[in-house]
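**Student:** Sequence:
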Amino acid sequence: MAGILAKTLGTSVLNGLHSRAVIGQASQGFRALLSSVSAADQSPSTPRMPDFAHTPAPYDGPSAEEVLAMRKQHLSPSLFLHFKKPVMIVEGKMQYLYDERGRRYLDAFAGIVTVSVGHCHPEVVEAINHQNQLLQHTTTIYLNNQVAEYAKELADRMPGNLKVVYFVNSGSEANDLAIMLARLHTRNWDIICLRNAYHGMSLGTMGTCGQHTWKQPMPQGFGYHHALNPDPYRGAFGDDGRRYAADVADLIGAATPGRVAGFIAESIQGVGGTVPLASGYLPEVYKLIRQAGGLCIADEVQTGFGRTGRHYWGFQRQGVLPDIVTMAKGIGNGLPLAAVVTTPEIAAAMSGRLHFNTYGGNPVCSAGGRAVLRVVDSAGLQAHCGRVGARLLGRLRGLAEKHDVIGDVRGEGLMLGVELVRDRRTKEPAPSETAAVMESMKDLGVLMGKGGLAGNVFRIKPPMCFTEGDADFLAEVMDEALSRL
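As numbered in the working numbering, residues 659 to 1143 make up the sequence shown, in order.
Calculated from the structure, these hints are not laboratory results. Since this is a predicted model, take the numbers as computed values, not measurements. Glycine included, every Cβ here is placed at the ideal spot set by N, Cα and C. Please note that the accuracy of each hint is not assured.
Here are the computed distance ranges between Cβ atoms for each label pair [claimed, not checked]:
#1 GLU723 x ILE799: 43 to 49 Å
#2 PHE880 x VAL783: 42 to 48 Å
#3 ARG815 x HIS788: 20 to 26 Å
#4 SER1036 x PRO941: 31 to 37 Å
#5 SER736 x ARG1080: 25 to 31 Å
#6 GLN874 x THR1125: 36 to 42 Å
Use the sequences and the hints to build the structure in full.
**Tutor:** Listed below in structure tokens is the structure:
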């Protein structure tokens, strides 16, 4: 890339492109080059990506091939990559990503549902940079305004008496801590979770996962019991939440001493393939769990902060009030930040011993997290997710009428899923077709995720600044890609 730019602009000009301000004054040749790269895979007949007023900085680092070689040699062999030829991302701005050639992609996966308000959102970046110049780290052995104010601002957004906040670094840590709180408070041990669930990759949370793909061949903790998944599309009882809840009652009676520590679930399963829990399920299960002495844990790692549109928190979709709420991913727009929120009574169970997290509530992360809350509110992103999500959901359901390979379209707000099957009657998963469509969509400029046990569900969970124009473009690209099967 550097060589191409040098030929286009001249070496001396290329070497001077060190800031956004200078880039803004770059020659028409540079801009023309970026435009040609971005449009490389778009013919007049293919969908056109919405215009976006941003020029990426020139990239002068190692090639994608060199980065891949370093990754293979020095990073975990358990990591995976999407696409036959991996995409190398070097810059992001709001709902768009850029590769090393300057090509723009519409990001419909948000760093695995993590970039909530947009890549490098200016208000979040400003808050991080400002705090970074004042104080990077102290830990909670000292007072710090950012940490305390952030805890209050989070608590103010919680219903009921959920007012005590623990800051940690990841969703796995948050769910680990929530389970520990439930066990300490109730003095019970057993945890009820769901098949098809995902709650983290730590030694403790691995036991809660209901998919073999996320389980290492080793003991994964004790006391975890998996209930039938209340999946309206693939489940045995369709959308009848009460019948699935009856399985939880049976599980408590057969697999536990009759007393449990708690129940953990997402309101819409994320990694499991964007599966909304069957209607009426959570109220029934919460009642059963509390009758058995347990606490109810809502995993809001992916569904929180207005992403589902109608509600700020996913659990509100079914009208329940959990005892403990966990959150991560979108809470920090990409910062290593997570939290657990519970009641003062439950938090008191840990007061007899010290509990400490070195980086939990780091001032820089807290400043970024506070900025995320402000942007969600000031930009009206919850309502925006509802409007744009409804438009996209309608477009995707229209595609299901045209393409038989689509078995189900589901979700809410900007947390949507499209499941591909080889036969609508048998619902045989179509993982190879899913991968092929993802490849075509990447070539056309759209990056999505996939999930579900068979890897046959498109996970469409973009940054919450995603527009109606972006929604239309994604639907048009998916239509084109499905037509190529």
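**Student:** Falls inside 42 to 48 Å, the C-beta gap from PHE880 to VAL783?
**Tutor:** holds (44 Å)
**Student:** Could you tell me whether the CB distance from SER736 to ARG1080 stays inside 25 to 31 Å?
**Tutor:** Between SER736 and ARG1080, where Cβ atoms are some 29 Å apart, the hint holds.
**Student:** Measuring from beta carbon to beta carbon, are SER1036 and PRO941 in 31 to 37 Å?
**Tutor:** holds (33 Å)
**Student:** State, for the Cβ atoms of ARG815 and HIS788, whether the hinted interval 20 to 26 Å holds or is violated.
**Tutor:** holds (23 Å)
**Student:** That 43 to 49 Å hint for GLU723 and ILE799 (C-beta), does it hold up?
**Tutor:** Since the Cβ atoms of GLU723 and ILE799 sit about 46 Å apart, the hinted range of 43 to 49 Å holds.
**Student:** Using the Cβ atoms, figure out if GLN874 sits within 36 to 42 Å of THR1125.
**Tutor:** At roughly 41 Å between Cβ atoms, THR1125 and GLN874 fall inside 36 to 42 Å, so the hint holds.
Comparing the model with each numbered hint stated earlier shows that all of them hold.
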